[in-house]
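A.B. asks: These are the residues of each chain, in order.
Protein chains: 2
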Amino acid sequence: MFKVRTIDETIELIGEKFSNMYLEVFQVESVNSYGFILAKDIYATENVPHFNRSTVDGYAVSHSVTQLASSSIPVVLKNLGEVLMGEESKFQVSDEETVYVPTGGHLPSGADSVVMVENTELLKDEVIVNNPTSKWENVLLKGSDISTDDLVLKKGTMINERHIGVLTALGVKEVTVYKKIKCLVISTGDEIVRPHEAPKVGEIRDINTYTVSKYLENIGLIVTDTLVIKDDFLKYKKAILDGFNSNDIVITSGGSSVGTKDYTIKVMNEINAELLVHGINIKPGKPTIIARYNNKLFFGLPGQPTSAYVVLNTFINDMVSYIYGMKKRDLPYYEGELKMNVHSARGRRTYQLVEYNNGKVIPLFTKSGMMLALSKANGYIVISEFSEGLVAGTNVKVYRFGD
Amino acid sequence: MFKVRTIDETIELIGEKFSNMYLEVFQVESVNSYGFILAKDIYATENVPHFNRSTVDGYAVSHSVTQLASSSIPVVLKNLGEVLMGEESKFQVSDEETVYVPTGGHLPSGADSVVMVENTELLKDEVIVNNPTSKWENVLLKGSDISTDDLVLKKGTMINERHIGVLTALGVKEVTVYKKIKCLVISTGDEIVRPHEAPKVGEIRDINTYTVSKYLENIGLIVTDTLVIKDDFLKYKKAILDGFNSNDIVITSGGSSVGTKDYTIKVMNEINAELLVHGINIKPGKPTIIARYNNKLFFGLPGQPTSAYVVLNTFINDMVSYIYGMKKRDLPYYEGELKMNVHSARGRRTYQLVEYNNGKVIPLFTKSGMMLALSKANGYIVISEFSEGLVAGTNVKVYRFGD
Numbered sequence: 020m021f022k023v024r025t026i027d028e029t030i031e032l033i034g035e036k037f038s039n040m041y042l043e044v045f046q047v048e049s050v051n052s053y054g055f056i057l058a059k060d061i062y063a064t065e066n067v068p069h070f071n072r073s074t075v076d077g078y079a080v081s082h083s084v085t086q087l088a089s090s091s092i093p094v095v096l097k098n099l100g101e102v103l104m105g106e107e108s109k110f111q112v113s114d115e116e117t118v119y120v121p122t123g124g125h126l127p128s129g130a131d132s133v134v135m136v137e138n139t140e141l142l143k144d145e146v147i148v149n150n151p152t153s154k155w156e157n158v159l160l161k162g163s164d165i166s167t168d169d170l171v172l173k174k175g176t177m178i179n180e181r182h183i184g185v186l187t188a189l190g191v192k193e194v195t196v197y198k199k200i201k202c203l204v205i206s207t208g209d210e211i212v213r214p215h216e217a218p219k220v221g222e223i224r225d226i227n228t229y230t231v232s233k234y235l236e237n238i239g240l241i242v243t244d245t246l247v248i249k250d251d252f253l254k255y256k257k258a259i260l261d262g263f264n265s266n267d268i269v270i271t272s273g274g275s276s277v278g279t280k281d282y283t284i285k286v287m288n289e290i291n292a293e294l295l296v297h298g299i300n301i302k303p304g305k306p307t308i309i310a311r312y313n314n315k316l317f318f319g320l321p322g323q324p325t326s327a328y329v330v331l332n333t334f335i336n337d338m339v340s341y342i343y344g345m346k347k348r349d350l351p352y353y354e355g356e357l358k359m360n361v362h363s364a365r366g367r368r369t370y371q372l373v374e375y376n377n378g379k380v381i382p383l384f385t386k387s388g389m390m391l392a393l394s395k396a397n398g399y400i401v402i403s404e405f406s407e408g409l410v411a412g413t414n415v416k417v418y419r420f421g422d
Numbered sequence: 020m021f022k023v024r025t026i027d028e029t030i031e032l033i034g035e036k037f038s039n040m041y042l043e044v045f046q047v048e049s050v051n052s053y054g055f056i057l058a059k060d061i062y063a064t065e066n067v068p069h070f071n072r073s074t075v076d077g078y079a080v081s082h083s084v085t086q087l088a089s090s091s092i093p094v095v096l097k098n099l100g101e102v103l104m105g106e107e108s109k110f111q112v113s114d115e116e117t118v119y120v121p122t123g124g125h126l127p128s129g130a131d132s133v134v135m136v137e138n139t140e141l142l143k144d145e146v147i148v149n150n151p152t153s154k155w156e157n158v159l160l161k162g163s164d165i166s167t168d169d170l171v172l173k174k175g176t177m178i179n180e181r182h183i184g185v186l187t188a189l190g191v192k193e194v195t196v197y198k199k200i201k202c203l204v205i206s207t208g209d210e211i212v213r214p215h216e217a218p219k220v221g222e223i224r225d226i227n228t229y230t231v232s233k234y235l236e237n238i239g240l241i242v243t244d245t246l247v248i249k250d251d252f253l254k255y256k257k258a259i260l261d262g263f264n265s266n267d268i269v270i271t272s273g274g275s276s277v278g279t280k281d282y283t284i285k286v287m288n289e290i291n292a293e294l295l296v297h298g299i300n301i302k303p304g305k306p307t308i309i310a311r312y313n314n315k316l317f318f319g320l321p322g323q324p325t326s327a328y329v330v331l332n333t334f335i336n337d338m339v340s341y342i343y344g345m346k347k348r349d350l351p352y353y354e355g356e357l358k359m360n361v362h363s364a365r366g367r368r369t370y371q372l373v374e375y376n377n378g379k380v381i382p383l384f385t386k387s388g389m390m391l392a393l394s395k396a397n398g399y400i401v402i403s404e405f406s407e408g409l410v411a412g413t414n415v416k417v418y419r420f421g422d
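Chains U and A supply the protein sequences, listed in that same order.
Note that the working numbering gives residue 395 to position 376 of the first sequence, counting from 1, and the numbers run on in steps of one.
Note that the working numbering gives residue 410 to position 391 of the second sequence, counting from 1, and the numbers run on in steps of one.
Please note: incorrect hints may appear among the correct ones.
For identical chains, the list gives no copy identity; a pair is met inside one copy or between any two copies.
Stated by the list, open to error - Computed list of lysine-lysine pairs in BS3-like fashion (alpha-carbon distance at most 27 Å, straight line):
1) K395 - K59
2) K59 - K22
3) K109 - K285
4) K379 - K347
5) K199 - K97
These are computed hints drawn from the structure, not numbers from a lab.
Please model the entire structure based on the sequences and the hints provided.
C.D. replies: See below:
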């Protein structure tokens, strides 16, 4: 018999077995790289800014001449003119001279600081400076944000819009990223029909391929296909093998019948997959299977939609992080007051669906097979395997799915 | 002079002015409705489940005959056979009879509960029942999850994969949703060049159209186009007017020069837009403009990339929620220990970029115009306008961008 694993053991094992999964890399334009994971560190090949910039609207000066400036004894400088936005300054500023520079404008040669316009007065060709400046005051020096050869983004970074901002600032046209993880999603069970069909008595419409595949797409994976397969061993085995030909992950959700559960184990044995996990101490979702085949991942979810969804949510982000070599992420949460008692099973970590609303946390209890609660839930709470439940009034952390 | 508004006043005003923005609706297939916002309530037109289902593998019985069953005095019933998964039961179960039903199988007529298989023994044609059952025990009654005419999803719901699950379970083929909000994103400034160009001294590459448009796409809006416009009043005005012809929102980020700032106000005046906000007590991001034109939204961001990004993040989700008629959402957070002092300006609410890592919160200080901190930041903390800062060691809440 296979030992039922704890959630923590399962995650550790996933890390051990899938951290070296081979993923192809390719070049993508930086501006189209959103959501991809960097396969190489990015170093700056330019300085940002690439010229000394003023950070205020004001007058460029040599700071030393303003040292004693005050409103009672101001310093008077000759006004040479104005640096235009977007243009290189042609001015050479001596100690007796100044030039107007707009915010973001090029600091003229000879100047080493900018007096804010509020601290000056313009009199014909002269500028009255009422305040001292210090060296490089109100100046963003060339390379002070990013210098050539700085490490800017690390391998394993999932590229977001802020990263695209820095890549465009640096003029990095293309980046090397991993191809996105490809998944095949299969629902099995003699009772399952496609949603456009009218189910007869005894049949139900397929739900899992939709909840699972949209979840996967939402966290940035590619779902190449979704299949519904009746309880037919050879077809099921062929679908899994075919799936591994063109995908990195095959995810099935088992029909609830005993037959289907056995089929999955039998397929894993026949194709010589390495069975890693067969049963997890999680509620709902105990009958979960994880295996490795040709360095690819098989993830067998329970058939019941809530169980399948909770198990997917609990493990897939860690799976993806390990595969891509990303840093493990903490989960953000809301805090709120639990409004009803929740019973849980000692020995199994319980994921309780809840509706969080403005600090109130309403547990949504589901009988096996119920859908509405899953649709109402906007989060879940986690109850320790060492507890028998939580009483109403407890302050709890509510996590969101997909985070 | 226009009064500088607080953040809370600004959000209230947005709610007042944009809650009735007209948005076209259309029909979309339920399985392709991910991320759309429901424009009509959804009522169930079927029962879920649509037949009485067993929730366990076991024997269907009339509960009354099992009332006195125990392992010492079991009840013996005649085994009529097996209900197959996905098939309608043809059995009629009398008080002396039973039928095997798999999890999810159809409860046969005459039975009103299911004894778990673990609490029975099969002896040839007879089943020994060792435990009593109560009425409807281990049965999911027809319509008990969802009944015909139940309100299932409310108008204003952003459809996620769990909602698609319930829609497919119900056989709802299409739903009525709002067309997605369309945005035009404009960067202005004589110093701005497109990222594929090599900036001369005095010029910088455009960043804002990328950070802003990818952010908008990430929260589910459509960016129809991005433009870079030099400081040319007529071109700027024309771009905004053209933008309103085919978009619901026009978002500009101003060049940092005084000229550009004046241009925006001047355009709003010339096109008879209703200027709502001109200056917000937020740091960074004070020079922000919000206006209404033909019941559409103009959002003028500051030019500095961090300021533009912080202002966008602070207001856009509320704008979108009001426009679509969605419920306002709380923000999830991490908690961690601030590792350095942060100074803030009393009278302005401060959004401080931070790097959150495993309970540690490192503030990322930026001079005006710096990019690297924005790229390193994975969140921000909010410092009250009634405070002058936070000291190292304070426990703080870290929010994520885009939540």
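A.B. asks: None of the hints should be skipped; say for each whether it holds.
C.D. replies: Now for the hints, and whether the structure bears them out:
no. : hint        : verdict
1   : K395 - K59  : between (41 Å within a copy, 17 Å between copies)
2   : K59 - K22   : neither (39 Å within a copy, 49 Å between copies)
3   : K109 - K285 : neither (79 Å within a copy, 32 Å between copies)
4   : K379 - K347 : between (29 Å within a copy, 15 Å between copies)
5   : K199 - K97  : neither (61 Å within a copy, 56 Å between copies)
The earlier numbered hints that this structure contradicts are 2, 3 and 5.
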